[in-house]
Structure formats: C-alpha cells, structure tokens
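J.: The number in our numbering is simply the position in the sequence shown, starting from 1, with 433 added.
Simulated from the structure, these hints should not be mistaken for lab results. None of the values given here were measured: they were computed from a predicted structure. Do not rely on the hints blindly, as some may be mistaken.
[Claimed, not checked] Each computed DSSO-like pair below joins lysine-lysine, with the alpha-carbon atoms no more than 27 Å apart:
| hint | residue 1 | residue 2 |
| --- | --- | --- |
| 1 | LYS495 | LYS593 |
| 2 | LYS514 | LYS495 |
| 3 | LYS545 | LYS520 |
| 4 | LYS495 | LYS545 |
| 5 | LYS527 | LYS495 |
| 6 | LYS553 | LYS495 |
| 7 | LYS527 | LYS593 |
| 8 | LYS527 | LYS514 |
| 9 | LYS593 | LYS520 |
| 10 | LYS593 | LYS545 |
| 11 | LYS553 | LYS520 |
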Amino acid sequence: MLRTVIITAALLAAAPAMAAPPVVHTGAAESPIASSVTVPPGYTTVYVSGMVPAVAHPDAEKGSIASFGTTEEQTESVLGKIEAELKGQGLTFKDVVQMRVYLAGDPAMGGKMDFAGMMKAYTRHFGTADQPNKPSRATIQVAALAAPGFLVEIEVVAVKPAV
Numbered sequence: 434m435l436r437t438v439i440i441t442a443a444l445l446a447a448a449p450a451m452a453a454p455p456v457v458h459t460g461a462a463e464s465p466i467a468s469s470v471t472v473p474p475g476y477t478t479v480y481v482s483g484m485v486p487a488v489a490h491p492d493a494e495k496g497s498i499a500s501f502g503t504t505e506e507q508t509e510s511v512l513g514k515i516e517a518e519l520k521g522q523g524l525t526f527k528d529v530v531q532m533r534v535y536l537a538g539d540p541a542m543g544g545k546m547d548f549a550g551m552m553k554a555y556t557r558h559f560g561t562a563d564q565p566n567k568p569s570r571a572t573i574q575v576a577a578l579a580a581p582g583f584l585v586e587i588e589v590v591a592v593k594p595a596v
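Please put together the full structure from these sequences, using the hints given.
T.: Pasting the structure below:
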C-alpha cells in the first residue's frame with residue numbers, strides 16, 4: 434500500500450515535467466508570418482470556421498461595402514470575432530498555428546484585393562512585442578464572399594496542450 438502511494442505521488446510530481454513540448458514556429462524574424470509551424474504530439478487541434486465582419490457603419494446602405502467598412506476595418510472586425518471564439522475555447526492568438534485569409538476584390542481598388550489594408554490590421558495582432566506568435570498563413574483573392582459587402586473572411590487553426 435505504501436509503495437502504491439509513493440509511486441502515485443512520484444508520478445503526480447513528474448506530470449508537469451511531462452508537459453507537451455513547445456510548438457515551433459520558423460521563418461524570418463522580420464516577417465509577420467511563419468514559413469512553417471511544427472506541432473508536436475500532445476496537442477488538441479481547434480478549427481475555427483471562416484468568420485466575416487460585423488456591420489461597422491449601420492447608417493450606410495445595408496449589405497454594402499460601406500456598411501462593413503474598408504478591408505482594414507473588416508479585418509479588425511473579423512479578428513475580434515476570432516479572438517472571442519478562441520477565448521471561449523480557452524485559447525488566444527498565441528495558440529493560432531495556421532490562418533487562411535480570403536479577400537474579395539475591392540471595387541475602390543479596381544477589383545484588386547487590399548492586401549496592405551488587411552496587413553495593417555493583422556500586424557496589430559500577430560508578430561508584436563505583446564503577442565509574438567506568427568502563424569503560417571495564406572492570403573487568397575476570391576471572386577466574391579457570401580455577401581456583396583464582405584471583403585474579408587478568415588479561418589484559423591489553433592492548438593492547445595491535450596489534457
């Protein structure tokens with residue numbers, strides 16, 4: 434009996450030392466994205482569906498680009514929604530390992546995506562002194578999104594140590 438108690442106590446004391454090894458992000462230090470991310474065994478994966486922006490300017494024509502805002506404003510809105518979803522899962526942007534950004538062409542830019550506008554919002558949340566995590570990321574221009582006023586949709590994959 435005493436032997437069982439001692440072994441159990443030793444295993445419980447060693448549990449923190451057996452924590453999952455860290456996620457490894459590689460890439461250029463000056464880049465706001467990782468060129469690759471390695472997730473070792475011992476993590477649970479959380480897939481966050483594509484999120485679209487909330488109405489930013491309710492006085493604008495309903496469903497219009499003006500009602501949802503610029504690409505920068507829409508990106509900020511979407512990242513806020515993703516942050517809230519992650520928080521509900523006990524996660525933060527530090528746990529994001531992959532991101533896919535879908536940008537519709539902006540008529541104000543001749544139908545081209547506003548990559549710079551998206552990056553202005555993105556770099557306020559990733560690769561900063563407060564939040565140094567940089568996920569792997571793809572940014573894709575699409576013909577259109579689910580509503581005519583949407584310029585931005587983002588989906589992420591996050592990980593957390595398995596319990």
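J.: Decide, hint by hint, whether the structure agrees.
T.: Going through the hints against the structure:
1. LYS495 x LYS593: violated, 39 Å
2. LYS514 x LYS495: holds, 20 Å
3. LYS545 x LYS520: Violated: LYS545 and LYS520 sit about 33 Å apart, past 27 Å.
4. LYS495 x LYS545: holds, 23 Å
5. LYS527 x LYS495: Roughly 35 Å between the alpha carbons, so the hint for LYS527 and LYS495 is violated.
6. LYS553 x LYS495: holds, 26 Å
7. LYS527 x LYS593: Roughly 10 Å separates the two Cα atoms, so the pair holds.
8. LYS527 x LYS514: holds, 15 Å
9. LYS593 x LYS520: holds, 12 Å
10. LYS593 x LYS545: violated, 36 Å
11. LYS553 x LYS520: Within the cut-off at roughly 23 Å; holds.
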